[in-house]
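K.L.:
Using the sequences plus the hints, can you model the full thing?
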Amino acid sequence: MSSGVAARRDAKKLVRSPSGLRMVPEHRAFGSPFGLEEPQWVPDKECPRCMQCDTKFDFITRKHHCRRCGKCFCDRCCSQKVALPRMCFVDPVRQCVQCALVSQREAEFYDKQLKVLISGAPFLVTFGKTGTPEAMVCRLSSNQRFLVLDGDSHSEIEITRISTMQILTEGLPPGGGSARASGMLLQYTVPGIEGEIQLKLMAGEDASASRRLATAWLVAMHKAAKLLYESRDQ
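The working numbering applies: residue -4 is where the sequence shown begins, and numbers increase by one.
Hints are not guaranteed to be accurate.
Taking lysine-lysine pairs in the DSS-like style, the calculated list, with each CA pair at most 27 Å apart, reads [unchecked claim]:
1. Lys107 to Lys195
2. Lys76 to Lys8
3. Lys218 to Lys195
4. Lys107 to Lys221
5. Lys40 to Lys8
6. Lys8 to Lys107
7. Lys195 to Lys124
8. Lys7 to Lys124
9. Lys124 to Lys40
10. Lys110 to Lys124
11. Lys218 to Lys110
12. Lys110 to Lys195
13. Lys58 to Lys76
14. Lys221 to Lys124
15. Lys7 to Lys76
16. Lys110 to Lys8
17. Lys110 to Lys76
18. Lys110 to Lys7
19. Lys221 to Lys195
Hint data in this document are derived by calculation from the structure and do not stem from the laboratory. Here the structure is a predicted model, which means the values were calculated and not measured.
P.N.:
Listed below in C-alpha coordinates is the structure:
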(Lines of atoms letter the chains of each structure in order from A and count residues from 1; the text may use other names and numbers.)
(Lines give C-alpha, C1' and ligand atoms only; values in the text may rest on other atoms or scores of the structure.)
Protein backbone atom coordinates (compact mmCIF):
# COMPACT_ATOMS: atom_id res chain seq x y z
CA MET A 1 0.00 0.00 0.00
CA SER A 2 1.41 3.41 -0.97
CA SER A 3 2.17 5.98 1.72
CA GLY A 4 -0.35 8.35 0.14
CA VAL A 5 -3.17 5.83 0.37
CA ALA A 6 -2.21 4.95 3.96
CA ALA A 7 -2.17 8.64 4.91
CA ARG A 8 -5.67 9.16 3.48
CA ARG A 9 -6.86 6.04 5.27
CA ASP A 10 -5.59 7.34 8.63
CA ALA A 11 -6.54 11.02 8.20
CA LYS A 12 -8.84 12.45 10.89
CA LYS A 13 -10.80 15.63 11.48
CA LEU A 14 -12.25 17.38 14.52
CA VAL A 15 -16.03 17.81 14.50
CA ARG A 16 -18.50 19.22 17.00
CA SER A 17 -21.71 17.33 17.66
CA PRO A 18 -24.49 18.08 20.18
CA SER A 19 -22.72 15.64 22.51
CA GLY A 20 -19.23 17.15 22.32
CA LEU A 21 -16.03 17.30 20.29
CA ARG A 22 -15.14 14.18 18.33
CA MET A 23 -11.99 13.21 16.42
CA VAL A 24 -13.38 11.16 13.53
CA PRO A 25 -11.88 9.65 10.35
CA GLU A 26 -11.74 11.99 7.38
CA HIS A 27 -13.58 9.33 5.41
CA ARG A 28 -16.40 7.42 7.09
CA ALA A 29 -15.37 4.15 5.40
CA PHE A 30 -12.08 4.23 7.33
CA GLY A 31 -13.62 4.34 10.79
CA SER A 32 -12.74 1.79 13.47
CA PRO A 33 -14.78 -1.44 13.18
CA PHE A 34 -15.15 -1.32 16.99
CA GLY A 35 -16.81 2.10 16.88
CA LEU A 36 -20.39 3.00 17.75
CA GLU A 37 -22.60 5.60 16.10
CA GLU A 38 -23.86 8.48 18.20
CA PRO A 39 -27.44 7.75 19.32
CA GLN A 40 -30.42 9.90 18.47
CA TRP A 41 -31.40 11.86 21.56
CA VAL A 42 -34.89 11.24 22.93
CA PRO A 43 -36.76 14.52 22.15
CA ASP A 44 -37.28 16.74 25.18
CA LYS A 45 -41.05 16.76 24.68
CA GLU A 46 -41.14 12.96 24.94
CA CYS A 47 -39.42 12.76 28.34
CA PRO A 48 -41.18 14.84 31.03
CA ARG A 49 -39.62 12.58 33.69
CA CYS A 50 -36.25 10.98 34.36
CA MET A 51 -36.12 7.66 32.51
CA GLN A 52 -34.36 6.06 35.50
CA CYS A 53 -35.90 7.35 38.76
CA ASP A 54 -39.09 8.93 37.32
CA THR A 55 -38.38 12.35 38.87
CA LYS A 56 -40.40 15.06 37.12
CA PHE A 57 -38.37 17.68 35.27
CA ASP A 58 -39.01 21.33 36.12
CA PHE A 59 -37.19 24.64 36.38
CA ILE A 60 -34.96 23.30 39.16
CA THR A 61 -34.60 19.66 38.09
CA ARG A 62 -33.00 19.82 34.66
CA LYS A 63 -32.86 17.01 32.15
CA HIS A 64 -29.65 15.62 30.69
CA HIS A 65 -29.08 13.25 27.79
CA CYS A 66 -26.74 10.29 28.12
CA ARG A 67 -24.23 10.53 25.29
CA ARG A 68 -24.10 6.75 24.90
CA CYS A 69 -27.79 5.74 24.87
CA GLY A 70 -29.47 9.09 24.14
CA LYS A 71 -32.08 8.77 26.91
CA CYS A 72 -33.17 11.55 29.31
CA PHE A 73 -32.14 11.58 32.95
CA CYS A 74 -31.97 13.90 35.93
CA ASP A 75 -28.56 15.07 37.15
CA ARG A 76 -28.44 12.44 39.90
CA CYS A 77 -28.91 9.60 37.39
CA CYS A 78 -26.63 11.07 34.72
CA SER A 79 -23.84 12.93 36.49
CA GLN A 80 -20.75 10.91 35.56
CA LYS A 81 -18.44 12.01 32.77
CA VAL A 82 -16.65 8.98 31.38
CA ALA A 83 -14.35 8.49 28.39
CA LEU A 84 -16.13 7.05 25.34
CA PRO A 85 -13.49 6.25 22.69
CA ARG A 86 -15.89 4.01 20.75
CA MET A 87 -17.68 7.19 19.66
CA CYS A 88 -14.42 9.11 19.16
CA PHE A 89 -15.11 11.75 21.83
CA VAL A 90 -12.07 13.85 22.67
CA ASP A 91 -13.07 14.40 26.31
CA PRO A 92 -15.07 12.34 28.84
CA VAL A 93 -18.82 12.82 28.27
CA ARG A 94 -21.93 12.67 30.42
CA GLN A 95 -23.41 9.17 30.73
CA CYS A 96 -26.13 7.49 32.74
CA VAL A 97 -25.16 5.07 35.51
CA GLN A 98 -25.67 1.94 33.41
CA CYS A 99 -23.81 3.25 30.34
CA ALA A 100 -20.98 4.62 32.49
CA LEU A 101 -20.36 1.13 33.90
CA VAL A 102 -20.17 -0.33 30.38
CA SER A 103 -17.80 2.41 29.20
CA GLN A 104 -15.57 1.93 32.24
CA ARG A 105 -15.31 -1.80 31.50
CA GLU A 106 -14.38 -1.01 27.90
CA ALA A 107 -11.64 1.33 29.09
CA GLU A 108 -9.41 -1.66 29.86
CA PHE A 109 -9.58 -2.71 26.23
CA TYR A 110 -8.58 0.74 24.95
CA ASP A 111 -5.99 1.38 27.66
CA LYS A 112 -4.29 -2.03 27.66
CA GLN A 113 -5.54 -4.71 25.29
CA LEU A 114 -5.64 -2.56 22.17
CA LYS A 115 -1.94 -1.80 22.68
CA VAL A 116 -1.24 -5.55 22.93
CA LEU A 117 -3.07 -6.16 19.64
CA ILE A 118 -1.24 -3.39 17.79
CA SER A 119 2.16 -4.54 19.13
CA GLY A 120 1.52 -8.04 17.74
CA ALA A 121 2.65 -11.55 18.69
CA PRO A 122 4.26 -14.58 17.00
CA PHE A 123 2.10 -17.46 15.75
CA LEU A 124 2.16 -20.45 13.45
CA VAL A 125 -0.30 -19.37 10.76
CA THR A 126 -2.20 -21.68 8.40
CA PHE A 127 -4.23 -20.31 5.50
CA GLY A 128 -7.03 -22.63 4.41
CA LYS A 129 -7.75 -26.10 5.78
CA THR A 130 -4.77 -27.82 4.14
CA GLY A 131 -2.11 -25.11 4.09
CA THR A 132 1.38 -25.40 5.55
CA PRO A 133 1.91 -23.57 8.87
CA GLU A 134 4.15 -20.50 8.56
CA ALA A 135 5.83 -18.56 11.36
CA MET A 136 4.39 -15.04 11.27
CA VAL A 137 3.82 -12.04 13.51
CA CYS A 138 0.15 -11.12 13.73
CA ARG A 139 -0.93 -7.62 14.74
CA LEU A 140 -3.79 -5.19 14.45
CA SER A 141 -3.14 -2.17 12.25
CA SER A 142 -2.88 1.20 14.00
CA ASN A 143 -6.23 2.30 12.54
CA GLN A 144 -7.78 -0.96 13.86
CA ARG A 145 -9.15 -1.93 10.44
CA PHE A 146 -6.79 -4.73 9.41
CA LEU A 147 -5.28 -7.91 10.76
CA VAL A 148 -1.69 -7.79 9.49
CA LEU A 149 0.42 -10.94 9.17
CA ASP A 150 4.16 -10.70 8.46
CA GLY A 151 6.62 -13.53 7.86
CA ASP A 152 8.23 -14.77 4.65
CA SER A 153 5.00 -13.48 3.10
CA HIS A 154 2.70 -10.58 3.96
CA SER A 155 -1.09 -10.58 4.26
CA GLU A 156 -3.74 -8.14 5.42
CA ILE A 157 -7.28 -9.15 6.36
CA GLU A 158 -9.95 -6.49 6.71
CA ILE A 159 -11.53 -6.84 10.16
CA THR A 160 -15.02 -6.12 8.84
CA ARG A 161 -14.74 -9.14 6.52
CA ILE A 162 -14.22 -11.58 9.39
CA SER A 163 -17.48 -13.52 9.77
CA THR A 164 -16.62 -15.85 12.68
CA MET A 165 -13.85 -15.95 15.25
CA GLN A 166 -13.19 -18.78 17.71
CA ILE A 167 -10.55 -18.90 20.43
CA LEU A 168 -8.96 -22.36 20.73
CA THR A 169 -8.01 -23.60 24.20
CA GLU A 170 -6.00 -26.44 25.66
CA GLY A 171 -6.38 -28.50 28.85
CA LEU A 172 -6.55 -27.13 32.35
CA PRO A 173 -3.19 -26.19 33.90
CA PRO A 174 -1.78 -28.18 36.88
CA GLY A 175 -3.52 -27.19 40.10
CA GLY A 176 -6.73 -26.20 38.32
CA GLY A 177 -7.80 -22.85 36.92
CA SER A 178 -9.09 -21.78 33.52
CA ALA A 179 -8.18 -23.40 30.21
CA ARG A 180 -5.38 -21.53 28.45
CA ALA A 181 -5.87 -19.90 25.04
CA SER A 182 -3.69 -21.69 22.50
CA GLY A 183 -4.86 -20.35 19.17
CA MET A 184 -7.59 -18.77 17.08
CA LEU A 185 -9.69 -19.98 14.17
CA LEU A 186 -11.45 -17.46 11.98
CA GLN A 187 -13.39 -17.32 8.74
CA TYR A 188 -13.27 -14.33 6.41
CA THR A 189 -14.19 -13.28 2.90
CA VAL A 190 -12.14 -11.66 0.16
CA PRO A 191 -13.66 -9.48 -2.60
CA GLY A 192 -13.83 -11.42 -5.87
CA ILE A 193 -13.39 -14.83 -4.22
CA GLU A 194 -16.41 -17.05 -3.64
CA GLY A 195 -16.96 -18.55 -0.23
CA GLU A 196 -15.09 -18.09 3.03
CA ILE A 197 -11.40 -18.61 3.77
CA GLN A 198 -10.19 -20.19 6.99
CA LEU A 199 -7.25 -18.83 8.96
CA LYS A 200 -5.72 -20.64 11.93
CA LEU A 201 -3.29 -19.06 14.39
CA MET A 202 -1.48 -21.29 16.90
CA ALA A 203 0.80 -20.18 19.72
CA GLY A 204 4.15 -21.94 20.17
CA GLU A 205 4.37 -25.09 22.27
CA ASP A 206 7.01 -23.93 24.75
CA ALA A 207 6.52 -21.81 27.88
CA SER A 208 8.70 -18.99 26.60
CA ALA A 209 8.05 -15.26 26.60
CA SER A 210 6.82 -15.61 23.02
CA ARG A 211 4.13 -18.05 24.13
CA ARG A 212 3.03 -15.71 26.92
CA LEU A 213 2.90 -12.82 24.46
CA ALA A 214 0.78 -14.87 22.05
CA THR A 215 -1.60 -15.89 24.85
CA ALA A 216 -2.06 -12.26 25.93
CA TRP A 217 -2.72 -11.31 22.29
CA LEU A 218 -5.41 -14.01 21.98
CA VAL A 219 -7.14 -12.82 25.16
CA ALA A 220 -7.16 -9.26 23.82
CA MET A 221 -8.51 -10.44 20.46
CA HIS A 222 -11.34 -12.27 22.23
CA LYS A 223 -12.40 -8.97 23.81
CA ALA A 224 -12.04 -7.22 20.45
CA ALA A 225 -14.38 -9.78 18.86
CA LYS A 226 -17.08 -8.96 21.42
CA LEU A 227 -16.83 -5.24 20.62
CA LEU A 228 -16.88 -6.01 16.89
CA TYR A 229 -20.10 -8.01 17.16
CA GLU A 230 -21.70 -5.26 19.29
CA SER A 231 -20.84 -2.69 16.62
CA ARG A 232 -22.38 -4.84 13.90
CA ASP A 233 -25.57 -5.35 15.91
CA GLN A 234 -26.06 -1.65 16.64
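K.L.:
None of the hints should be skipped; say for each whether it holds.
P.N.:
Against the structure, the hints come out as follows:
Between Lys107 and Lys195, the direct Cα distance comes to roughly 24 Å. Compliance with the 27 Å bound is thereby established for this hinted pair. With a C-alpha separation of about 23 Å, the suggested pairing of Lys76 with Lys8 holds against the 27 Å cut-off. About 18 Å separates the Cα atoms of Lys218 and Lys195, which keeps this hinted pair within 27 Å; it holds. A distance of roughly 16 Å separates the Cα atoms of Lys107 and Lys221; the hinted pair therefore holds under the 27 Å criterion.
The suggested pairing of Lys40 with Lys8 is violated, with an alpha-carbon distance near 33 Å, which exceeds 27 Å. This hinted pair checks out: Lys8 and Lys107 have alpha carbons roughly 25 Å apart, not beyond 27 Å. As the CA atoms of Lys195 and Lys124 are separated by approximately 8 Å, the hinted pair is consistent with the 27 Å bound. Of the supplied pair hints, the one linking Lys7 and Lys124 is violated, its CA atoms being roughly 39 Å apart against a limit of 27 Å.
A threshold of 27 Å between alpha carbons decides the hint, and for Lys124 with Lys40 the separation of about 57 Å lies outside it, so the pair is violated. Between Lys110 and Lys124 the CA atoms are separated by roughly 30 Å; this puts the pair beyond 27 Å, and the hint is violated. Of the pairs offered as hints, the one joining Lys218 and Lys110 holds, with about 13 Å between alpha carbons and a cut-off of 27 Å not exceeded. For the hint linking Lys110 to Lys195, the alpha-carbon distance of about 22 Å falls within 27 Å, and the restraint holds.
Straight-line distance between C-alpha atoms of Lys58 and Lys76 comes to about 15 Å, which keeps the hinted pair within the 27 Å bound. In summary, the hint linking Lys221 to Lys124 is supported, as the alpha carbons are separated by about 25 Å, within the 27 Å threshold. Proximity of Lys7 to Lys76 is assessed by CA-CA distance (about 24 Å); at most 27 Å being required, the pair is judged to hold. Restraint check for Lys110 and Lys8: satisfied, since their Cα atoms lie roughly 23 Å apart, inside the 27 Å limit.
Simply put, Lys110 and Lys76 have alpha-carbon atoms about 24 Å apart, close enough for the 27 Å limit, and the pair holds. The suggested pairing of Lys110 with Lys7 holds, with an alpha-carbon distance near 20 Å, which does not exceed 27 Å. Restraint check for Lys221 and Lys195: the C-alpha separation of about 19 Å stays at or below 27 Å, so the hint holds.
Comparing the model with each numbered hint stated earlier shows that hints 5, 8, 9 and 10 do not hold.
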